[in-house]
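Enquirer: What follows is the residue order along each chain.
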Amino acid sequence: MMLYTLLQVNPIEGFFFGSGKSMVVGGVAVIILIGIGLWLWRMEKRIQALSRQADDAFQNTKSNAAS
Amino acid sequence: MAQGFSHIRFLFQHALRVELRKKHGIAGLLVFAVASVYTCYQVTGTHAEQESWNALAWVVLLFSAFNAVSKPWDDDRPEIKSFLLHAVSPNHWLIARIAFYVVLLGVVSTVTYAAFLLFLGMDHFTGWTAVHYYLGIVMTSTALATLLAMIQALSTRAGGGFSLTAVLGLPLIIPVILVSTSYGSDLMRGIAFGDTAHHLLFLATLSAGFTALGYILFPYLWRE
Amino acid sequence: MIQGSWKIGGIALLAYVVWTTFTVPLGPGLLELRDRNEAASTDGITKRIETYELIGLGTHWGAGTEDLRVFIRKGQNLAQLPVIDVIDDTHAHIALLLPDTLPSRSWDVLANHPVDGTLFLQNGLFTDAYIIEPTAGLEPPVFDEHAPNLPHHFPFQPRIFETIRNLMLHVPMWFTMFLLMGIGFVASIRQLGQKEASNTVFDQRAEASVQVGMAFGVLGLLTGSLWARYTWGAWWVDDPQLNGALVTVLVYAGYLILRASVEDQRLRARLSAVYNLFAFIILMILLMVLPRFTESLHPGKGGNPGFNSYDLDSSLRAVFYPAVLGWMLLGTWMYRIRLQATQLNQKLQRLNQR
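Protein chains in written order, with our numbering: chain R, 1 to 67; chain F, 68 to 291; chain A, 292 to 645.
Hints were generated in silico from the structure; no laboratory data involved.
Built from N, CA and C at the ideal position, the CB exists for glycine as well.
Treat the hints with care, as some may be off.
Pairs of lysine-lysine, DSSO-like flavour, derived with a Cα cap of 30 Å [what the hints assert, rightly or not]:
id : chain 1 : residue 1 : chain 2 : residue 2
1  : A       : K298      : R       : K45
2  : R       : K45       : A       : K638
3  : F       : K138      : F       : K90
4  : R       : K62       : A       : K298
5  : R       : K21       : R       : K45
6  : F       : K89       : F       : K138
7  : F       : K148      : A       : K298
8  : A       : K638      : A       : K486
9  : F       : K148      : F       : K90
10 : F       : K148      : F       : K138
11 : A       : K638      : R       : K62
12 : A       : K638      : A       : K298
13 : F       : K148      : F       : K89
Here chain F is said to cover these stretches of chain A; the calculated rule only asks that three of the stretch's residues, wherever they fall, bring their Cβ under 8 Å from a Cβ of chain F [what the hints assert, rightly or not]:
id : region
14 : 366–376
15 : 420–432
Just a few of them, taken from the derived set where beta-carbon distance is under 10 Å, the chain A residues facing chain R [as the list claims (entries may be wrong)]:
id : residue
16 : I302
17 : L305
18 : W310
19 : F313
20 : T314
21 : L621
22 : A632
23 : L635
All chains should be modelled from the sequences, with the hints used to inform the complete structure.
Expert: Next comes the structure, spelled out in structure tokens:
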């Protein structure tokens with residue numbers, strides 16, 4: 001009951017949704033999410049590149065050993 | 068089939084004989100259990116509340132069980148193991164192992180329970196309730212034995228010793244403990260045996276499940 | 292780019308989910324019907340007129356003050372309460388003008404308004420100091436339930452209020468963890484089932500999926516804890532579902548510890564696969580089976596550990612299903628990156644050994 005009273009004195013609607021703050025929070029969250037997406041994408045690309053390099057190095061050492 | 072059974076029986080009797088031969092083994096476990104019960108008695112006397120009685124009983128039982136499986140299995144010594152690996156199938160070995168642990172934990176928990184009734188009193192039990200509670204204890208120690216036999220083998224294989232058994236085993240046995248504690252508190256609150264017996268069924272199902280899982284998985288654990 | 296389109300799709304879905312989660316407003320609801328004159332005398336001689344204050348959250352009573360109608364209902368019995376005064380959008384004064392003999396003590400409160408639609412407050416009114424006669428009938432007023440006339444909004448739930456948004460974070464976390472642990476389970480079975488014992492490729496899959504799944508499990512615990520603080524008043528409560536969730540995370544932590552304590556790669560692959568099978572089955576028991584046996588505060592309880600009792604309405608579903616799909620796609624992507632990193636690590640180690 002205390003909580004209800006508190007809420008009714010201080011309704012979040014006017015503070016959060018009325019003033020457009022929700023848009024800011026949502027926008028920041030979306031930007032963070034897209035940042036995470038880009039970070040993952042870049043990480044994957046770099047890992048794949050390194051993996052290819054490692055494969056090449058593997059081939060080289062093998063051919064060196066053969067010759 | 069008959070040969071398999073005789074293998075299991077041999078391994079089981081062998082484990083039992085080894086355990087009984089070094090007298091400090093089983094005696095140490097029992098002293099540990101009784102000493103724990105006596106410590107509880109020192110704190111609460113004979114007038115422990117229902118909840119405390121229940122909680123203390125399960126905690127002491129749990130730790131006695133862990134203590135019992137913490138000792139290295141004698142047959143796990145490399146020279147014996149390499150012989151056994153050729154002589155018997157790992158599944159039979161696991162069955163013998165589980166059977167031995169069921170007996171061992173059964174003895175330990177029975178002694179613990181008797182000590183509990185002796186020291187902390189049986190004020191919370193009326194008539195057959197004490198027997199029903201004992202049934203729960205036996206089922207719980209069976210479930211613990213089936214699971215811990217496997218976990219103990221696993222941590223021995225990983226070379227981790229007792230602490231690894233505890234780390235791997237404690238979370239896994241939580242479902243067992245949840246069921247058996249609620250069974251115990253149901254009995255103590257005076258709920259009829261028939262209305263709470265589904266907990267026992269659940270424990271039996273868990274034991275059967277753990278045994279089946281162990282039976283399937285133990286060969287992978289054991290082969291070189 | 293085309294092969295990676297599902298990754299972009301997952302991020303786009305999540306962007307939509309996060310945006311709507313934070314920007315869609317909450318629908319209106321009733322908070323409380325409060326007695327205004329608690330100290331007033333209750334003499335039975337004069338006709339009793341007590342005034343109550345009806346408190347709403349996010350309601351729009353100020354727009355059309357004459358259109359607010361308040362009813363109380365118990366089963367088939369329905370009575371209208373006169374509105375004395377509408378103070379503002381969320382506060383109105385109600386007179387408790389009722390016959391002396393009533394069929395029940397506790398009543399549900401309903402409020403009709405053209406903008407908000409029909410709002411409902413379960414057991415909102417308790418009428419003491421009335422004669423209770425179960426057979427007493429009441430004159431049924433004109434009452435028609437109608438839908439709100441509002442832009443897109445999330446449904447109002449008592450006690451949950453704005454935290455309904457957490458549904459889009461908390462529940463998909465667990466679904467994603469289930470998916471990843473399932474991937475790990477299958478990988479462990481295949482690790483044990485393959486003939487070539489030195490091949491640890493499935494073990495790497497199991498490891499990567501458990502690592503990422505653990506991250507989602509911990510996030511599920513954290514978001515759940517936040518929600519518990521708001522709705523139940525404590526960061527952690529003793530509840531079968533919560534215990535199960537914590538124990539699951541502990542079991543998988545044990546899996547990672549087991550991996551760390553074995554040096555030999557082949558042995559580690561086999562032992563951890565065995566333990567992983569145990570862990571997944573315990574996960575199923577703890578989160579799917581046990582909660583059905585026991586009572587729980589967690590939503591969807593009394594038999595079903597799902598989310599049915601949330602009364603997912605169309606506005607929630609339009610965000611919740613994309614949220615589940617989006618988080619699962621992100622989880623799968625993270626798992627694949629983690630797997631590639633592990634494989635790269637192994638390649639480099641082999642290269643160094645040459």
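Enquirer: State for each hint whether it applies.
Expert: Going down the list of hints, with the structure as the test:
1. Between K298 (chain A) and K45 (chain R) the alpha-carbon distance is near 13 Å, which keeps this suggested pair within the 30 Å criterion.
2. The straight-line distance between the Cα atoms of K45 (chain R) and K638 (chain A) is roughly 17 Å, inside the 30 Å bound, and the hint therefore holds.
3. For a cut-off of 30 Å, the pair hint linking K138 (chain F) to K90 (chain F) stands: about 14 Å separates their Cα positions.
4. With a C-alpha separation of about 36 Å, the suggested pair K62 (chain R) and K298 (chain A) falls outside the 30 Å cut-off, and the hint is violated.
5. Restraint check: the Cα-Cα separation between K21 (chain R) and K45 (chain R) comes to about 36 Å, which exceeds 30 Å; the hinted pair is violated.
6. With a C-alpha separation of about 13 Å, the suggested pairing of K89 (chain F) with K138 (chain F) holds against the 30 Å cut-off.
7. With a CA separation close to 51 Å, the supplied pair K148 (chain F) and K298 (chain A) exceeds the 30 Å bound.
8. Note on K638 (chain A) and K486 (chain A): the hinted pairing holds, with a Cα-Cα distance of about 22 Å set against a maximum of 30 Å.
9. Only pairs whose Cα atoms come within 30 Å are accepted, and K148 (chain F) paired with K90 (chain F) is accepted, the gap being roughly 23 Å.
10. A threshold of 30 Å between alpha carbons decides the hint, and for K148 (chain F) with K138 (chain F) the separation of about 16 Å falls inside it, so the pair holds.
11. For the given pair, K638 (chain A) sits about 14 Å from K62 (chain R) by alpha-carbon distance, which is consistent with the 30 Å threshold.
12. With a CA separation close to 26 Å, the supplied pair K638 (chain A) and K298 (chain A) stays within the 30 Å bound.
13. In summary, the hint linking K148 (chain F) to K89 (chain F) is supported, as the alpha carbons are separated by about 20 Å, within the 30 Å threshold.
14. Requiring three or more residues with a Cβ within less than 8 Å of a Cβ of chain F, the coverage given for the region 366–376 of chain A is violated, as only 0 such residues are present.
15. Three residues within the 8 Å Cβ limit are the bar, and the region 420–432 of chain A against chain F gives 0, so the coverage statement is violated.
16. With its C-beta approaching chain R no nearer than about 4 Å, I302 (chain A) sits inside the 10 Å limit, and its interface hint holds.
17. Satisfaction of the interface hint for L305 (chain A) is found here, the shortest Cβ-Cβ separation to chain R being roughly 6 Å, below the 10 Å cut-off.
18. The criterion of a C-beta within 10 Å of any C-beta in chain R is met by W310 (chain A), whose closest approach is roughly 5 Å, and the hint holds.
19. Among the interface hints, the one on F313 (chain A) holds; its C-beta lies about 4 Å from the nearest C-beta in chain R, closer than the 10 Å criterion.
20. Proximity of T314 (chain A) to chain R holds as hinted, the smallest CB-CB distance being about 5 Å (cut-off 10 Å).
21. The criterion of a C-beta within 10 Å of any C-beta in chain R is met by L621 (chain A), whose closest approach is roughly 8 Å, and the hint holds.
22. Because the beta carbon of A632 (chain A) sits about 6 Å from the nearest beta carbon in chain R, less than 10 Å, this interface hint is met.
23. A least Cβ separation of about 5 Å between L635 (chain A) and chain R falls short of the 10 Å threshold, and the interface hint therefore holds.
Hints 4, 5, 7, 14 and 15 from the list above are not met by this structure, while the remaining hints are.
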